[in-house]
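Residue numbers for the sequence shown follow the UniProt record's numbering, beginning at 1 and rising by one.
Derived from the structure by calculation, the hints contain no laboratory data. The model shown is predicted, which means the values in this text are computed figures rather than measured ones. There's no promise every hint is true.
To be verified - Derived lysine to any residue pairs resembling SDA-like cross-links, with alpha carbons at most 20 Å apart:
#: 1; residue 1: 8; residue 2: 49
#: 2; residue 1: 8; residue 2: 53
#: 3; residue 1: 8; residue 2: 50
#: 4; residue 1: 8; residue 2: 29
#: 5; residue 1: 53; residue 2: 70
#: 6; residue 1: 53; residue 2: 42
#: 7; residue 1: 36; residue 2: 5
#: 8; residue 1: 36; residue 2: 21
#: 9; residue 1: 68; residue 2: 50
#: 10; residue 1: 65; residue 2: 76
#: 11; residue 1: 65; residue 2: 43
#: 12; residue 1: 8; residue 2: 21
#: 13; residue 1: 8; residue 2: 57
#: 14; residue 1: 53; residue 2: 7
As the list claims (entries may be wrong) - Quick list of the computed label-pair ranges, beta carbon to beta carbon:
#: 15; residue 1: 32; residue 2: 70; range: 29 to 37 Å
#: 16; residue 1: 25; residue 2: 75; range: 14 to 22 Å
#: 17; residue 1: 75; residue 2: 37; range: 16 to 24 Å
#: 18; residue 1: 55; residue 2: 34; range: 13 to 21 Å
#: 19; residue 1: 68; residue 2: 34; range: 29 to 37 Å
#: 20; residue 1: 17; residue 2: 68; range: 30 to 38 Å
Note that beta-carbon positions come from the ideal geometry of N, C-alpha and C, so glycine has one too.
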Amino acid sequence: MTGLEDEKFIISGLHQTTFFASLLRSWFSNNEIEPKAIIESDFGAMIVNLVSKGLGISILPLSFKSAKVENVVFIELE
Numbered sequence: 001m002t003g004l005e006d007e008k009f010i011i012s013g014l015h016q017t018t019f020f021a022s023l024l025r026s027w028f029s030n031n032e033i034e035p036k037a038i039i040e041s042d043f044g045a046m047i048v049n050l051v052s053k054g055l056g057i058s059i060l061p062l063s064f065k066s067a068k069v070e071n072v073v074f075i076e077l078e
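Construct all of the structure, not just a fragment, from the sequences and the given hints.
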């Protein structure tokens with residue numbers, strides 16, 4: 001259990017064939033999580049802004065940390 005099972009996710013579409021979507025699917029599967037995706041978007045900046053509004057959490061590449069958006073905390077995952 002990761003403690004994320006009941007969280008609302010704002011993430012890239014897991015149905016896509018991109019490398020990042022594949023990484024997300026693998027991470028969720030390895031952690032036995034069926035994400036509750038409330039919003040799907042391919043635009044990282046939009047995802048970060050929605051997270052800053054308190055609408056949910058996300059998993060994004062660490063490069064988005066440089067955006068320095070208020071109310072957003074980045075935590076590195078294994």
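(message) Could you work out which of the previously given hints the structure breaks and list their numbers from low to high?
(response) Every hint satisfied by this model.
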